[in-house]
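*Asks:* One letter stands for each residue in the lines below.
2 protein chains.
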Amino acid sequence: MFTLHQRLEGDTVEVADLRVSVVRLMRDRTLPWLILVPKREGVREVYDLSKDDRAVLMEEMTLASRVIDALYGPDKINIGALGNRVPQLHVHVIGRFETDRAWPGPVWGKDGSEPYTEDELCKAVHELKEAFKRISSGA
Amino acid sequence: MFTLHQRLEGDTVEVADLRVSVVRLMRDRTLPWLILVPKREGVREVYDLSKDDRAVLMEEMTLASRVIDALYGPDKINIGALGNRVPQLHVHVIGRFETDRAWPGPVWGKDGSEPYTEDELCKAVHELKEAFKRISSGA
Numbered sequence: 000m001f002t003l004h005q006r007l008e009g010d011t012v013e014v015a016d017l018r019v020s021v022v023r024l025m026r027d028r029t030l031p032w033l034i035l036v037p038k039r040e041g042v043r044e045v046y047d048l049s050k051d052d053r054a055v056l057m058e059e060m061t062l063a064s065r066v067i068d069a070l071y072g073p074d075k076i077n078i079g080a081l082g083n084r085v086p087q088l089h090v091h092v093i094g095r096f097e098t099d100r101a102w103p104g105p106v107w108g109k110d111g112s113e114p115y116t117e118d119e120l121c122k123a124v125h126e127l128k129e130a131f132k133r134i135s136s137g138a
Numbered sequence: 000m001f002t003l004h005q006r007l008e009g010d011t012v013e014v015a016d017l018r019v020s021v022v023r024l025m026r027d028r029t030l031p032w033l034i035l036v037p038k039r040e041g042v043r044e045v046y047d048l049s050k051d052d053r054a055v056l057m058e059e060m061t062l063a064s065r066v067i068d069a070l071y072g073p074d075k076i077n078i079g080a081l082g083n084r085v086p087q088l089h090v091h092v093i094g095r096f097e098t099d100r101a102w103p104g105p106v107w108g109k110d111g112s113e114p115y116t117e118d119e120l121c122k123a124v125h126e127l128k129e130a131f132k133r134i135s136s137g138a
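Going down the list, the protein sequences come from chains A and B.
Residues in the first sequence are numbered from 0 upward in steps of one, following numbering that gives the first Met the number 0.
Residues in the second sequence are numbered from 0 upward in steps of one, following numbering that gives the first Met the number 0.
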């Protein structure tokens, strides 16, 4: 039984359900920010996953990076698994821009996030869902 | 031909030469901080690597995490591939402590690093080299 940590549940909204991870969009309109949460109970560190799950997670991180590139064209992708505040293993995949609110520093722990409007969130989730389908099928 | 970026060359010292990455220790005595650099020319993002290289890199990140756990017993491992300042793909694997200088925030971009003394660096490099040999062989 996999249960999403309540902080991740509150801060994000689901955009794709992959083999190992569920992919969720951070409720922050200032950056294209995805979070992959492996659907495994009690996993805190990457090495707590099986080797097979790790290999799949790596491909899912790659897919998420490609989706962000295709939709938003960032200057750089940032990937991170920190978990200092939320112990459930989760991997950030974030599109970064040389003009964004934290560049060139990391965005974690930085003030300045802004919620999407309802319309913006609806549009972003829809586009991300479509992009995950399109890009994961190689179309 | 693989050439290490000069900033990584200056900031770190080699502790292991693995199949895909070279592993280097950050010259910062305040944290056990390893950097894995895939030995591939012109690679900026994780998805620029081949799928096989990505799977091996994931296992090398796992190995580096286990080495840090075995030697330093941190409270959490932080893994990150940012590259906003240094474009050559490199993956940070850092042992974090609830008492460290940046907890619970990320350590990247945070002031407070301190160089090792010559003796400390020599000891740390030696212990890390031994631990990589021991743990990668499963001994």
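It should be emphasised that the hints constitute simulated quantities derived from the structure, not laboratory data.
For each residue, glycine too, the CB sits at the ideal point set by N, CA and C.
Check before you lean on any hint, since a few could be wrong.
Quick partial rundown of chain B residues pointing at chain A, CB under 10 Å, derived from the structure [claimed, not checked]:
1) Gly-41
2) Thr-61
3) Arg-84
4) Arg-95
5) Pro-114
*Asks:* For every hint, state whether the structure bears it out.
*Replies:* Status of each hint after checking the structure:
1. Gly-41: violated (15 Å)
2. Thr-61: holds (5 Å)
3. Arg-84: holds (5 Å)
4. Arg-95: Status holds, d = 6 Å.
5. Pro-114: violated (22 Å)
When held up to the earlier numbered hints, the structure conflicts with 1 and 5 and fits the remainder.
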